[in-house]
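Asker: As you go down the protein sequences, you meet chains F and V in turn. Number 383 in this note's numbering belongs to position 383 of the first sequence; there are no gaps in the numbering. Number 53 in this note's numbering belongs to position 53 of the second sequence; there are no gaps in the numbering.
The set of hints was computed from the structure by calculation and includes no laboratory data. Keep in mind the model is a prediction, meaning the values are calculated, not measured. Glycine residues also receive a C-beta, built at the ideal position from the N, C-alpha and C atoms. Be aware that a few hints might be false.
[Claimed, not checked] Only some residues are given here: those of chain F computed to face chain V with a beta carbon under 8 Å: (1) Arg-204; (2) Thr-207; (3) Ala-208; (4) Met-226; (5) Gly-305; (6) Ala-341; (7) Val-358; (8) His-361.
[To be verified] What the simulated footprint calls covered on chain V by chain F, stretch by stretch (three residues with Cβ under 8 Å from a Cβ of chain F suffice, anywhere in the stretch; the number is not a length): (9) 78-89; (10) 196-203; (11) 217-224; (12) 277-287; (13) 312-318.
Protein chains: 2
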Amino acid sequence: MSDTLESVLASKRDAHLSQLIDLLRIPSVSTDPALRGEVRRAAEWLRDDLAGHGFETQLLETGGHPAVVARRHPHPGGPTVLIYGHYDVQPADPIDLWDSDPFEPVVKDGQIVARGASDDKGQVFAHVKGAQVLIEAEGELPLNVTFLIEGEEEIGSKNLAATLEKHKDLLAADVALVSDGAMLPGSVPTLTYGLKGLAYVELRVRTANRDLHSGGFGGGVPNAAMAVADIVSKLKDQNGRITVPGFYDDVQPVSDEERAQFERVPFDETAFREGIGVSATPGEAGFGLLERLWARPTLDVNGMGGGFQGDGSKTVIPAEAFAKISCRLVPNQDPERITDALVAHLHALAPEGAEVEVLRHAGGAWALSPLDGRAVQAAADAVRTVDGRDPVFVRTGGTIPVVADLQRLLSCEVVLVDMGLEEDRIHSPNEKFDVALFHRGVHLSAELLRSLARA
Amino acid sequence: MSDTLESVLASKRDAHLSQLIDLLRIPSVSTDPALRGEVRRAAEWLRDDLAGHGFETQLLETGGHPAVVARRHPHPGGPTVLIYGHYDVQPADPIDLWDSDPFEPVVKDGQIVARGASDDKGQVFAHVKGAQVLIEAEGELPLNVTFLIEGEEEIGSKNLAATLEKHKDLLAADVALVSDGAMLPGSVPTLTYGLKGLAYVELRVRTANRDLHSGGFGGGVPNAAMAVADIVSKLKDQNGRITVPGFYDDVQPVSDEERAQFERVPFDETAFREGIGVSATPGEAGFGLLERLWARPTLDVNGMGGGFQGDGSKTVIPAEAFAKISCRLVPNQDPERITDALVAHLHALAPEGAEVEVLRHAGGAWALSPLDGRAVQAAADAVRTVDGRDPVFVRTGGTIPVVADLQRLLSCEVVLVDMGLEEDRIHSPNEKFDVALFHRGVHLSAELLRSLARA
Chain F
1 MSDTLESVLA
11 SKRDAHLSQL
21 IDLLRIPSVS
31 TDPALRGEVR
41 RAAEWLRDDL
51 AGHGFETQLL
61 ETGGHPAVVA
71 RRHPHPGGPT
81 VLIYGHYDVQ
91 PADPIDLWDS
101 DPFEPVVKDG
111 QIVARGASDD
121 KGQVFAHVKG
131 AQVLIEAEGE
141 LPLNVTFLIE
151 GEEEIGSKNL
161 AATLEKHKDL
171 LAADVALVSD
181 GAMLPGSVPT
191 LTYGLKGLAY
201 VELRVRTANR
211 DLHSGGFGGG
221 VPNAAMAVAD
231 IVSKLKDQNG
241 RITVPGFYDD
251 VQPVSDEERA
261 QFERVPFDET
271 AFREGIGVSA
281 TPGEAGFGLL
291 ERLWARPTLD
301 VNGMGGGFQG
311 DGSKTVIPAE
321 AFAKISCRLV
331 PNQDPERITD
341 ALVAHLHALA
351 PEGAEVEVLR
361 HAGGAWALSP
371 LDGRAVQAAA
381 DAVRTVDGRD
391 PVFVRTGGTI
401 PVVADLQRLL
411 SCEVVLVDMG
421 LEEDRIHSPN
431 EKFDVALFHR
441 GVHLSAELLR
451 SLARA
Chain V
1 MSDTLESVLA
11 SKRDAHLSQL
21 IDLLRIPSVS
31 TDPALRGEVR
41 RAAEWLRDDL
51 AGHGFETQLL
61 ETGGHPAVVA
71 RRHPHPGGPT
81 VLIYGHYDVQ
91 PADPIDLWDS
101 DPFEPVVKDG
111 QIVARGASDD
121 KGQVFAHVKG
131 AQVLIEAEGE
141 LPLNVTFLIE
151 GEEEIGSKNL
161 AATLEKHKDL
171 LAADVALVSD
181 GAMLPGSVPT
191 LTYGLKGLAY
201 VELRVRTANR
211 DLHSGGFGGG
221 VPNAAMAVAD
231 IVSKLKDQNG
241 RITVPGFYDD
251 VQPVSDEERA
261 QFERVPFDET
271 AFREGIGVSA
281 TPGEAGFGLL
291 ERLWARPTLD
301 VNGMGGGFQG
311 DGSKTVIPAE
321 AFAKISCRLV
331 PNQDPERITD
341 ALVAHLHALA
351 PEGAEVEVLR
361 HAGGAWALSP
371 LDGRAVQAAA
381 DAVRTVDGRD
391 PVFVRTGGTI
401 PVVADLQRLL
411 SCEVVLVDMG
421 LEEDRIHSPN
431 EKFDVALFHR
441 GVHLSAELLR
451 SLARA
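Just chain F, same shape as in the assembly (with noise of 0.2 Å):
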């Protein structure tokens, strides 16, 4: 770190935190019809801090709640990083168990403690506050900055795609930068390159015109629990392959390279287990269980049911069963097709008897920025120079469609570098965020900007 960025950051500590304070007063709760005009109030407040460090800014209407856009192009035809977040937050309720107000923070034992500190005002903010820091430090920024903030992230970013998609020119960029969760256990400096996809369908069972006694009926009519059970048993082969026709012809394999790098994340598989009471981890043979995570399309029953529900016992052949399955997808897998040939095949395994109905849910897709590109080890190298170790790569298994929406609709590669904790109790009541990591943010964003410069 450069003298002048060190003593900038110092000397801002504590404004930076009081504003943090100041941005977290604002109830920004985007499900709350009565408290639109304070969604509006938080995103002016961000607008105008940025315009104050000469950010050209503007709230897009988007139809719901606006989103703030602040650009800082210093470098016409230079590269461009974008840095998403979002300033909408959860409702507090249950309000009874918190411990202070939600919207009056407290810091506390080197917590800060407010709804929304860690999701993701806290995290946003950090970045916010890293570019205005080397601003201040060096005069200019390094490279081309855009801000894109939205208040819906609470609420599904159901504009999000479309304000993209709108204002492409508007937020093109080669990198985008996203920190709105947590590190891996132990504050580990993590950096997050893949997301898996969604496809999500729900089956449905009907067998008779209502639910027949089994005195009456039984050996004489289908079953559509049994049916629900058949079905589902022949999704997976004894290998745990997925037996949906074609499922697997778009999956692209994991480099060797790639393998390696899941052998350094400091994965303890017992402590895995132990955590969540599991005596097995079965999965699909001749992989390995981060791989199966991270990298192999998965399908899982995520909810089924059908007859009699309550205790005890009622001699009932049920008429209507149903099961709700979903599949994590992975590069190069379309979530539509996938859909489709999942569809199929579930009509197709239908028994005798049994007429097969089948809902699609909403997916989405999957997101991977390559591990060797210039966005992971730009931001790698800023992690060594802040945190003074390497951060652990990692994917995971869980969806985010608006990382996926940057990266199919700006063409740009994606990283997440969380700055929260596990522990930070998110949507939940009591949210903090550790003081000393939003600082460390602030350095962080800076460096980020720096390192995606020299990339």
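Chain F is already provided as a structure; the job is to place chain V on it using the hints.
Answerer: Just chain V now, kept in the frame of chain F:
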């Protein structure tokens, strides 16, 4: 019919109906503690009516509601018939849906409407009057008759088996008659000579200490819902045969004579399918539909569930799931032995990572009287006399523990001589009994005693 019996029947019609109305006025709802006194009053009413016709009577205290026992045994060493029924009734709720007071009987369009009219006061009282008419017409009963009319059938006959065991000598009989159900559609005279038994268990699977996010854990952990589906799908093979080891060992095959009898039953498979809206009648390969329904053991899932049960989608991997599983059993399968084998099989089928627990729910024994035995054949003779046509002989997949108890504890042949109709709305508002079928029941009961005496 002898002229004497015919004329006595004719002269008593109004009195019989009027007496039945008196009995139906007593709100003997066995499940309602507030009506305990009324339940006993119904028992006393029946005891007094039978005592007035020369029966030795007593109320057997059972620990719950009393059972009426009335014996007239004029032929020491001669054959004895036990007539079983119950004087308790279902609650009248929902009371708003009755067109008239459930305990103030009305006769309308040839139907007597009241709670208990068909289930079972009307049917058991037809037997009471049948015996009395025969005494009046012929001066004495042609065989020994014992009535056993209990007051706890609608609450599971929980004290009946102990009562039968305790009073074995008092209740000893060669044949038992039970009239507590419905004839085949179209008032077809129906004799039921076989019932299935029941084994009922609940499979519970646990795979983790909590539901897990499919994004974080998909591909690396067991899924309780899929484990239940896998186990259930293996309970039958592709021929519809139940895979529980030893399951069929004690199954008594149907004789050629009985199978020929099945084929004479006026059973319309198309109507059967259309009535319940099934497109197929799958089952154990190599057996006809009626044989499967009546005389082959079966297995059904009665309820199944796990994971997310609400509308829409949730990306959770269920940690717990269940299936309620029951088997209908036939001679000579032992419910306990089958339950043991089923429990062991469910444990053996558990996939990797699935912790299996199996609960046992209450089961019941099968019952079967020989088709060519004296009870069934004598009953058929009585039907021919009264109705001028052959009865239809049926078995059912249902389980009536009382019938199995009578057969097992008293070692007697049991025949079900149903006098009601499917449309009698038993257990529902506006329960009714056809007045002509009540009078026919009195006549049939008298003829049953005659033909059993001849047998």
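Asker: Determine for every hint whether it applies to the structure shown.
Answerer: Results for each hint:
Residue-level restraint check for F:Arg-204 is violated (minimum Cβ-Cβ distance to chain V is 12 Å; threshold 8 Å). With a least beta-carbon distance of about 6 Å to chain V, the hint placing F:Thr-207 at the interface is held under the 8 Å criterion. Nearest Cβ of chain V to the Cβ of F:Ala-208: about 5 Å, under the 8 Å cut. The hint holds. Interface restraint check: F:Met-226 against chain V, minimum CB-CB distance 5 Å, threshold 8 Å, status holds.
Given hint, F:Gly-305 at the interface with chain V, holds; its Cβ is 4 Å from that chain's nearest Cβ, closer than 8 Å. Interface restraint check: F:Ala-341 against chain V, minimum CB-CB distance 18 Å, threshold 8 Å, status violated. Given hint, F:Val-358 at the interface with chain V, is violated; its Cβ is 13 Å from that chain's nearest Cβ, farther than 8 Å. A cut of 8 Å between beta carbons decides the hint on F:His-361: the least distance to chain V is about 4 Å, and the hint holds.
Using a Cβ-Cβ cut-off of 8 Å, 0 residues of the stretch 78-89 of chain V lie near chain F, which falls short of the minimum of three, so the contact claim is violated. Counting residues of the stretch 196-203 of chain V whose CB falls under 8 Å from any CB of chain F gives 4; the rule of at least 3 is met. Coverage of a stretch by a chain is defined here by at least three residues with a beta carbon nearer than 8 Å to that chain's beta carbons; for the stretch 217-224 of chain V and chain F the count is 7, and the condition holds. Look at the stretch 277-287 of chain V against chain F: 8 of its residues bring a Cβ nearer than 8 Å to a Cβ of that chain, three or more, so the hint holds.
Look at the stretch 312-318 of chain V against chain F: 7 of its residues bring a Cβ nearer than 8 Å to a Cβ of that chain, three or more, so the hint holds.
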